[in-house]
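A.B. asks: Chain by chain, the residues run as shown.
2 protein chains.
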Amino acid sequence: MISPHKPDHRRRVGVERSQKTRAHILESAVGVFALKGAHAPVIDDFVRAAGISRGTFYNYFDTTHALLHATIEWLEDDVFGSMEPEAAAIPDVALRLATATRMYLRWAAAHRRWCAFVTHVPQIGTLARRRLLRDLRDGQKSGVFRFPHVQAAHDLAAGIVAQAVQRMAATPRAAARTDEVVHVMLQGLGVNPAELQRVMAASIPVSARPAKSASLFKTGSND
Amino acid sequence: MISPHKPDHRRRVGVERSQKTRAHILESAVGVFALKGAHAPVIDDFVRAAGISRGTFYNYFDTTHALLHATIEWLEDDVFGSMEPEAAAIPDVALRLATATRMYLRWAAAHRRWCAFVTHVPQIGTLARRRLLRDLRDGQKSGVFRFPHVQAAHDLAAGIVAQAVQRMAATPRAAARTDEVVHVMLQGLGVNPAELQRVMAASIPVSARPAKSASLFKTGSND
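Read top to bottom, the protein sequences are chains A and B. Counting with my numbering, you get residues -5 to 217 for the letters of the first sequence. Counting with my numbering, you get residues -5 to 217 for the letters of the second sequence.
Hints are not guaranteed to be accurate.
As the list claims (entries may be wrong) - Pair by pair, the computed Cβ-Cβ distance ranges are:
#, chain 1, residue 1, chain 2, residue 2, range
1, B, 50, A, 116, 32 to 38 Å
2, A, 71, B, 67, 38 to 44 Å
3, B, 203, A, 206, 53 to 59 Å
4, A, 206, B, 38, 38 to 44 Å
5, B, 117, A, 135, 36 to 42 Å
6, A, 17, B, 117, 33 to 39 Å
7, B, 196, A, 33, 38 to 44 Å
8, B, 165, A, 121, 15 to 21 Å
9, A, 7, B, 116, 42 to 48 Å
Unchecked claim - To give an idea of the chain A side of the interface with chain B (calculated C-beta under 10 Å), a few residues:
#, residue
10, 30
11, 158
12, 171
13, 175
These aren't lab readings, by the way, just hints derived from the structure by calculation. Idealized CB from N, CA, C, for every residue including glycine.
Generate the whole structure from the sequences, applying the supplied hints.
C.D. replies: Here it is, written out as structure tokens:
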């Protein structure tokens, strides 16, 4: 006789094992993309890095492009998701944008391999950049930000963060200067000096859910 | 009897032909790098694009890396060199940096293929970024720029230009907003409002020596 519980149990074990393999492929893929860039790697690079067969790879991903997409999605969810709730809870838009950027740049400074990864895979952060556009419009409406066009303000905020991350990747032992970067960013957005001093003096919230992928990028801080 | 003039003439013709072939390889390489990025192309891509033999290619360049390096050097010299003398002649540092950045972004807006190329080959512009650092230090010393650290100011100026160029590449039909970008850049560098208005009102010099490579990147302006 067939027990009614056994198939459920087996299925659950199967699903768990499958999730574990998928996570393992994604984790190994981070190293490959960091080394070779977003578009150069071939399937054998990922198969070798994960220590799996090509057949197993194809059970999870059809193409290297699909794997890149899944890796980006996982990291955005993991890394930005680990900071998002704390920053999003701040109602004041200048303080919210300042705090979110300070949190992110400090995390990047403490995980220099992340900086190298993002330099090679600039598609990372699209989600964060979309949220940025909303914050810029809110801040312009409320008068705390003053700039001639939201597109130029977006170029400034997205550009300075990307450039700081690239610099941290290129000079991993140099001081990260993260708060100085956020200072000139706010100055560029037209935040007045008193307001700027106030938001930069605020303490930075501690993330309630640290990024699971952090260990992949950890190389020490020089902030 | 051997005429004493003939070998010289032959040598000169040979050198001219050789320079012409080299220029042709460089020009064709621009299209290959723009399409495939800085590191993905193989020698056959360049051989096919230039319509030459592999043997001819190797007469000029040992590796694709050497070709990349030569292409970058040629374009930096040609594109930045076509604007440099006019901007460098301006003694006032805020006006000089504003004018150089306005000239460059307008040129980029009128040559959207250049924007796509630079997005794929971000090594372009290293020379310009080094000059930038010198301008930032000069401006900080004279008090016209106010920022907490020159590295953060550099992240801002280099980052906003790179981001604006990427945006122009991604949305080739949208307005380029180049002067708005320079406005928020100067604001971020701490230029006071009166000074900012003054430098943005200045007329832009016309380049005495237009870039030879311009036709490779021309796709029309939307500024």
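A.B. asks: Please list, smallest to largest, the hint numbers that this structure does not respect.
C.D. replies: Going through the list in order, the structure violates no hint and respects every one.
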